[in-house]
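Each chain, letter by letter, is given below.
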Amino acid sequence: MSTATVSPASTWDRVRTFTPPGRYLPLIATLALFIGLFGVGGMRYDGLSDPQVLISLLIDNAFLIVLGVGMTFVILTGGIDLSVGSVVALSTMIAAKTLQMGWSPYLSIAAVLLTGTVLGLLMGLLIHYFDIQPFIATLAGLFLARGLTYLISVESISINDPTFTSLAFKTVYLGDYYVRWTAIIALATVAVAAFVLARTRFGRTVYAIGGNESSAMLMGLRVAFTKVGVYVISGFCAALAGLLFALYILSGNSLHAIGMELDAIAAVVIGGTLLTGGRGYVVGSLLGVLVLGIIKTLISFDGTLSSYWIRIITGVLLLAFVVVQRFATRRRS
Amino acid sequence: MQTPPDVVATPEAAREPVIEMRDISITFGAVRALDGVSVRLFPGEVHALMGENGAGKSTLIKALTGVYSIDSGVITISGERHEFHSPAASQEAGISTVYQEVNLVPNLTVAENMLLGREPRRLGAINVREMNRRARRTLLHLGIDVDPRSVLDEHPIAVQQLVAIARAVDVEAKVLILDEPTSSLDADEVEKLFTVMRRLRDEGVAIVFVSHFLDQIYEIADRMTILRNGRLVEERLVSETSQLELVRLMIGRELEVLDRLDRAAPQTDAEEGTPLLTAVGLGRKNTLEATDLTLYEGEVVGIAGLLGSGRTELARLLFGADTADTGELTFRSERRKLRSPRHAIDRKIAFSSEDRKAEGVVGDLTVADNMLLALQASRGWLRPIPQATRTQLVDDYIQALDIRPADPQALMRNLSGGNQQKVLLARWLITQPEILILDEPTRGIDIGAKAQIQAKVAELAAQGMSVVFISAELEEVLRLSDRLVVMRDRRKIDERVNDDVSVRDVLETIAGEARAEEAPHD
Amino acid sequence: SCGDSDASSGTDNGGSGDGAITMGFAQVGAESGWRTANTKSIQDTAKAEGVDLKFTDAQGKQENQIQAIRSYIQQKVDVIAFSPVVETGFDAVLQEAKAANIPVILTDRAVDADPSLYKTFLGSDFVVEGEKAGQWLVDNAADADANGDGTINVVQLEGTTGAAPAIDRAEGFADKIAADDSIEVTASQTGDFTRDGGKQVMESFLQSDDSIDVVFAHNDDMGLGAIEAIEAAGLEPGKDVKIITIDAVKDGMTALSEGKINYIVECNPLLGPQLMDLAQKVLDGEEVPARVLTEESAFTPEQAAEVLADRQY
Amino acid sequence: MTETTTRVQRVLRHPLLWPVLALVVLVLVNVVARPSFLDVRMQDGHLYGNVIDILRNSAPVMLVALGMTLVIATRGIDLSVGAIAAIAGAVACTRIVGAGDEAALTTAVMAVTYALVVCIVLGAWNGLLVSVLGIQPIIATLILMVAGRGISMAVTDGQITTVNNPFFSDLASGFVLTLPLAFLIALAVLAFTAVLTRRTALGMLIEAVGINPEASRLAGVRARTIIWTVYAFSGLCAGMAGLVIAANTNSVNANSLGLWIELDAILAVVIGGTSLAGGRFSLAGTFVGAIFIATLARTIPNIGIPSEINYLFKAIVVIAVCLLQSPRARAVFRVRRTPRPPAAGPAPTAEPAPATAGVRA
Ligand SMILES: Nc1ncnc2c1ncn2[C@@H]1O[C@H](COP(=O)(O)OP(=O)(O)OP(=O)(O)O)[C@@H](O)[C@H]1O
Ligand SMILES: Nc1ncnc2c1ncn2[C@@H]1O[C@H](COP(=O)(O)OP(=O)(O)OP(=O)(O)O)[C@@H](O)[C@H]1O
Ligand SMILES: [Mg+2]
Ligand SMILES: [Mg+2]
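First to last, the sequence lines map onto chains G, X, F and P. According to the numbering used here, the first sequence holds residues 1 to 333 in order. According to the numbering used here, the second sequence holds residues 1 to 522 in order. According to the numbering used here, the third sequence holds residues 1 to 313 in order. According to the numbering used here, the fourth sequence holds residues 1 to 361 in order.
Keep in mind the hints are simulated off the structure, nothing from the lab. Every residue gets a Cβ at the ideal spot worked out from N, C-alpha and C, and that includes glycine. Careful: at least some of the hints might be erroneous.
As the list claims (entries may be wrong) - Which residues of chain F face chain P? A few of them, derived with a C-beta cut under 10 Å, are:
hint, residue
1, GLY29
2, LYS40
3, SER41
4, GLY162
5, SER188
6, THR190
7, PHE193
8, ARG195
9, ASP196
10, LYS199
11, VAL201
12, SER204
13, ALA233
With the hints as constraints, model all of the structure from the sequences given.
Put into structure tokens, the structure is as follows:
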């Protein structure tokens, strides 16, 4: 044990012996499995191997990606946020209602983002300062946001605002393929979140709290700020996702996004994040969303399954994925 | 007994203390953890907090740093009245603390753990390269050979403790508080720590030091405050207090066990006895090279070695906590693989882990449940231990090991570190094992209790139990063991009967081995 | 009364030509017996007529439905049909379908989009269903006052809050009973379209109010739940408390024929034949009306007894 | 310190105090809104009234919550209970419909037994994924939550299956000793669970596994078996709940039976004072929690809250109850000048043991 540090190895040696650090393994496994799933699907169903299908996956799941980002922050601290689905519905409703009332679209967007953020803040405060379990505080948030949505309007309201519609249809062409702005916003959110988590004190504190909250506190980290902060971020992301969703369906409806929080949580966990906190990456959550998306796509390309087989097959694919992923990552020690 | 600090006339009384705590009281429910305690800290001085397990040392420290809020009393810092409301606040005010249990986050790297909250940044982003470099420098400075990029929980508890120390000494602090930093370090590491402490003291830092090793106190501390049962006993200068007097002050009575200590454990000629367990070529990839070991009835086998030499891993393999890749285990005459601790327990093996926080304590259960956990587990859930037996066993061991508070219904997590350790020891003694593997059983245990435990071990061996004893404190190992196994670099390098082997001998064996393989790889 | 149709049905289509039609159908979900009957009708008819049906169950989520429609566009099916989960928000994907020259037929529920984006809408009118129920009550007001106190106290078991059928049926019902001052809705609460929900809500209504004359349930299932609650309270459904429901599924019709329900407005799920027919017409370039109503009636106990034997669902 | 003050203190510190208080307040609200709320009368040889309805309707949530309590105590969660309940209903109803004599007692008994066995198997499947394969509980049970609905729909072919069996029907609507049978069943399961966990060492071992899995493993606790059993038990409880719900309407709707009951059950568990972080659990608390949920459900139509405000009302109640229960919140609201309570220091440390286990295993 008394030997000094190892002499610096040559670059070649480093490349030759490079093995990805263990903590990236779940991520790599997930990616490989996703590609595998896509490949198998591409062989089975024509049209599925079209790269546009992949891009559509991003477009169709833009809101879920953003939700997943917010959820990742929360789960990394060892918490959970059940309210996001309802906040999405509330956001679509606020956007639709305010636009109907003739607000400027930008004001409307601001109102949506503000509402989501404030809701997140309230839940964060409940959780940290009143010591209410995240599951319950955010369950109350779920009821509250859904309740507010009903309060605004029971009936659905469509969005006809030109700014919104043009934003919704705005596409960027990459050769033969096109991508919507919403997808680009979602990817940008992932990038920003990845940076925040990896390279800022706030981000590292998020991991520290997930690792051991009382240690983080004893280490003098800003636990209160960070813990409340992740719920604020999640609330903001939910509102942003709500906007993307509003752009996607151009309407506000109180029945939107029921159970969407489960999709978001599932995506995060499939992406390799531990529900107990402290381990995981937003990129994993992005992959998780894509995995859920590709399962759906596979099923609608198949198109011969009855309602109940669709559910069963979804479960089976999920199972296969999780089990293989588990074995792939367990091999390391 | 209750001497107010002012009465203690010291030449330095004129000097201004950096921190003064006056009449501090804290109550937890019915437990009065601190009762009007006063302490002064002077710059450029190492101040030892002394007291038995549960005396209130850790609580006092937490009261100072804002973890607990005080019920009454006054804290002044540099002459101003002040009370911290969070550890963050105390840290900002220049108080750097290493708490008793390792309080780091297991999922981040060593470097991150050292620099969390004060990472070097460039353009607002954490500069990872610089962070690793800084961490490496500090570690090197302390003589700790650890890759700063490795994840913390890959390291044994001792390394984690060193990292926690490194984190604390890395800042420019007015006050450095170390709550039992040395409890699982070996002599080498302790020496390195002391070097750093001395340097900081000379730079004018006030250092609070808690340790149950009196030798260490006498080596490094200048002044000490002695607590008993949450009350202040006295403030003393170390140079003016003899060890015996100190012990009397701490315990409140003469300690007769101490004498017994020096009468070394009865040496038995155990090789004659029945082999209880024979390990041949026991090993595990990356953690332990193939090792042979035989345990006989009624002997204590001490395992000596430096930090990271593979002692813990050997113990874990013997217990089935980890599964061995190679080798064979024979119990009496039955050849068996150990696939889980459960198998080992069924063969009457017990193992007390060195990492009590992560691998021992079940914090939210009561002391009684913690004590009876292993016995209950081996009986199976369908056969609960009868109430009368429960009470009997628990009361017996609370008394035998002097566990405080002597309340079987107290929650385990509210016990002081040393008392938790005693409960864990009781957990295994209650199962009446044939082979008892103790990894750092005296970690954080006060001097009186340590003597008790050592006496207990000797007594058990005399009754026919086979004990494997691992401790960072070589003296302790030598004092107790009948046979000595020396380990280095994850393998056994020597095994000998302990006939007056000295610490020097062991260190020389280890060093000699090092010289022997100077040239080759690694 | 309804079905004011006749907007011209736009241009022709790419068509398949090779005989077999490929149809993509995005169903809402499988949330009720009505819906499963609807799905089954469409799947069976498609099979019988040799239509290659691509079926997706959106599990009640609009985003799933949109994704399914989008995948049909990518698969270049001949015609797309779907029962929208909600009325709004399909503009974008309908535009994509239009750009890809794939005709769209709506079933069961309407959408609130530019009518040029789809060929036709096949389905019932929920408001009319509510009106029929309300009208019957007005017509039979004299009988309905079970306890003879001069006022007719109606309790309403609503469908899922925010769902189009719930909103429309309540609206139609309210419109009609406004004509009679003695009829009053004294309590209204959602039973989520389920029997269990209907039963629990009805139990509570019965505990708190012993002057209930009529139950109006937005579907048969809640009505069936209400029957159980009424029986448990020691009353006789259909006599002590009159019951009006909507849907006319088999269990409901059975109860109706036994006199436990007094009136059921039909909402026909068997859209398969009509849908396939419309699809064929659309692909052949024929004109189709913009609004095709399903053939529906309403039943009294006597009528129910007659038709019960050959109800398919 | 007189005898009485200590007793008052003991009551004040009793963990059940706050849930019970919340329940009392909720009942009071109902009574104020409708004074006849608590009236109970005899009818057809059994008791009849809001209170009796509440007891009966609390049975499914209570059953599910009992299983959930043990799962949560091991640091797990079971999202699949709703789907399992649906499967139980589907299996039992199709069995009854398919039987030779639809109305016979043996038919009902066979169908119920068969359904419950299926549920135990499904629960054990969850346990397998969690304990042997080491998949995170939320995802492991999500799989069955998704697929289970499909399975139950496959069993009933998507149709609402109506049954005519008086014995089966009695599961929900029957009365024994003037009390609803469903409630008595739930009570029996509660008693059984309480005896099973508190009269044996099982409860303590479950708690140990939930608090510190690695320490428990090293102490020789068979964590795997325990986790497995607990999920199987949760499956069984969910199955019973499903049967009661199906019997309540004499029919099964695979799609809506037990939908979101997992949330209600978890809420009941938490209101009862069991922490989702695992460890110590309170069955009595879960009992009170389930009654609370059922009372809340009855409150909405009873005081005539419009449908569109249901959620808002629920949100307010949930927040109020949780604030009432949180010692921290009570301390904040109490008008006293005492500084933070000492417990405000390090929260009960949920140790990083799983991480350690991950590396070492
Ligand atoms: N959070 C708490 N709740 C209840 N009692 C507590 C709590 N923390 C500490 N105590 C009690 O306070 C007393 C003092 O404990 P403390 O940890 O300060 O002892 P210590 O002197 O550090 O002992 P050791 O040498 O064993 O570490 C003990 O009796 C302990 O049981
Ligand atoms: N879980 C693990 N994963 C990887 N390496 C490990 C693990 N546990 C221990 N090691 C390594 O195995 C070697 C032996 O460690 P072990 O804990 O057995 O040492 P020890 O002699 O008990 O020292 P200590 O004084 O730290 O207890 C060390 O180099 C350590 O880094
Ligand atoms: Mg201490
Ligand atoms: Mg060790």
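Now for the hints, and whether the structure bears them out:
1. The interface hint given for GLY29 of chain F holds, since its Cβ lies 7 Å from the closest Cβ of chain P, which is under the 10 Å cut-off.
2. Evaluation of the LYS40 of chain F hint against chain P yields a held restraint, the C-beta minimum of about 8 Å falling below 10 Å.
3. About 12 Å separates the beta-carbon of SER41 of chain F from the nearest beta-carbon of chain P, more than 10 Å, and the hint is not met.
4. The interface hint given for GLY162 of chain F holds, since its Cβ lies 8 Å from the closest Cβ of chain P, which is under the 10 Å cut-off.
5. For SER188 of chain F, the shortest C-beta to C-beta distance to chain P is roughly 7 Å, which falls under 10 Å, so the interface hint holds.
6. The beta carbon of THR190 of chain F comes within 4 Å of a beta carbon in chain P, closer than 10 Å, and the hint placing it at the interface holds.
7. Here the hint on PHE193 of chain F is kept, as its CB sits about 8 Å from the closest CB of chain P, short of 10 Å.
8. Checking ARG195 of chain F against chain P by beta carbon gives a least distance of about 4 Å; that is within 10 Å, so the hint holds.
9. Hint status for ASP196 of chain F relative to chain P: holds, with the closest Cβ pair at about 5 Å, below 10 Å.
10. The interface hint given for LYS199 of chain F holds, since its Cβ lies 6 Å from the closest Cβ of chain P, which is under the 10 Å cut-off.
11. With its C-beta approaching chain P no nearer than about 5 Å, VAL201 of chain F sits inside the 10 Å limit, and its interface hint holds.
12. Interface restraint check for SER204 of chain F: the shortest CB-CB distance to chain P comes to about 4 Å, inside 10 Å, so the restraint holds.
13. A least Cβ separation of about 7 Å between ALA233 of chain F and chain P falls short of the 10 Å threshold, and the interface hint therefore holds.
This entry does not satisfy hint 3, going by the numbered hints stated previously; all others are met.
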